[in-house]
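**Student:** Residue numbers (this note's numbering), protein chains in the order written: chain A, 1 to 308; chain B, 1001 to 1080.
Honestly, the hints are just simulated from the structure, not real lab data.
Worth double-checking, as some hints may not be accurate.
If you want a taste of the chain B side facing chain A, the calculated C-beta under 8 Å gives, among others [as the list claims (entries may be wrong)]:
1) Thr1003
2) Pro1004
3) Gln1011
To give an idea of the interface, some chain B residues facing chain A are shown, with a C-beta separation under 10 Å as derived from the structure [said to hold, decoys possible]:
4) Leu1001
5) Val1015
6) Pro1041
7) Pro1043
The beta carbon of each residue, even a glycine, is placed where N, CA and C say it ideally should be.
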Amino acid sequence: MNQITLKRRQFLQAGGALVVGFALAPLASAAAQQAARGAFPLRDVTDDAVDSFLAIAPDGQVTLYSGRVDLGTGLRAAYRQIVAEDLDVPYDRINMIDGDTALTPDQGGTGGSTAIVAAGIEVRQAAATARQALLKLASERLLVPVEQLSAADGVVRASNGRSVAYGDLVGGKRFDIKADAKAPVKNAAQYKYVGKSLRRPDLPGKMTGRHTFVHDFKLPNMLHARVIRPSAIGATLADVDESSIANIPSARCRAHPELRDRCCENEWNAGARIACFACPLDRAAAICPAPTTFTPRCARPCRSGTSS
Amino acid sequence: LGTPERLSAVQAAFVQEQAAQCGYCTNGMIMTATALLAKNPRPTEAEARDALAGNLCRCGTHVRVLAAVMRVASNGTGGR
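Please model the complete structure; the sequences and the hints are all you need to start from.
**Tutor:** Right, dumping it as structure tokens:
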């Protein structure tokens, strides 16, 4: 397979655990890798499979796997409302996992106000398809035609009074069906959850400094990096004074012709190095090729003869 | 100031007004608002705007932040 055209999704399907293991191999212990695999077993994340989006546990707890992420726009509430509505389960019985590409279907990037109008439709189709599958399973279990069944709050009820819970029908097992764009969805007049202003689960953590941002993630032996850019457009790196960061534990410098980045074992030291490098950056002789338009912005050390 | 289980008055008002999107600027907003209300329990909207002028929100929640601060200001408790 061509390395360049290999899609992320194919790559993960080919061996997501191996990818993770490979990435962590030089860093994490074998035990930590094993623990990571045990905690996150490989899932089917095909874009159009119901199982990629939804899992129902034996106790009726529903997990929604979302390819879009909640950036503070309330998606964790909104998607749960959509699933509650079209799967007919209580809102509080739904967990949502987002932001982990090994577990979630590829629904494209999050942005452009498309998480509801585009990706939300996929979530709704998965929920509606799953609901039809549950009605069919209940029909077989209760020996009652689907037309005489109704679903509410995670339970299918027959007109003869018999009922069966979702968890008993499919709990812990796969649906093994594709999401059906034609699966019937609720009409707006029937909505119990959609359209209501429900509590956003992220807010209390954000108000009390406990929310985990991506900057807060830690992996074993992780390094923090800062990019120091040249002070003029088109400048190239001529020299790096490594001795200027020798006093910072574990600081490393990696030179690139156009940028420099340096890594450190903690964020504080990574930031501290910026101050340290205020000096060497000035001393580094930046070469500005034909900077006529940008001459006023040119750094003092320019030696192309065109500096102001 | 408070915990998710026991929010301060300012934090609770921020939750009620949904005065955060990504939440990155929120801690600064809450500290500034708490300091303002401790000094001036009933600020006018102009005073609240002035106090919060240095706290920038790229998501664009300023209107909701102001609503949260004025919600606390309206009861004059000083934000605790």
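**Student:** It remains to establish, for every hint, whether it holds in the given structure.
**Tutor:** Each hint tested on the structure:
The restraint placing B:Thr1003 at the interface with chain A holds, with a minimum CB-CB distance near 6 Å, inside the 8 Å limit. For B:Pro1004, the interface hint holds, since its Cβ comes within 8 Å of a Cβ in chain A; the closest pair sits about 4 Å apart. A least Cβ separation of about 4 Å between B:Gln1011 and chain A falls short of the 8 Å threshold, and the interface hint therefore holds. Look at B:Leu1001: its Cβ gets to within about 7 Å of chain A, closer than 10 Å, so that hint holds up.
With a cut of 10 Å, the hint placing B:Val1015 at the interface with chain A holds, because the nearest CB-to-CB distance is about 5 Å. The closest approach between the C-beta of B:Pro1041 and any C-beta of chain A is roughly 20 Å, which is over the 10 Å cut-off, so the hint fails. Evaluation of the B:Pro1043 hint against chain A yields a violated restraint, the C-beta minimum of about 20 Å exceeding 10 Å.
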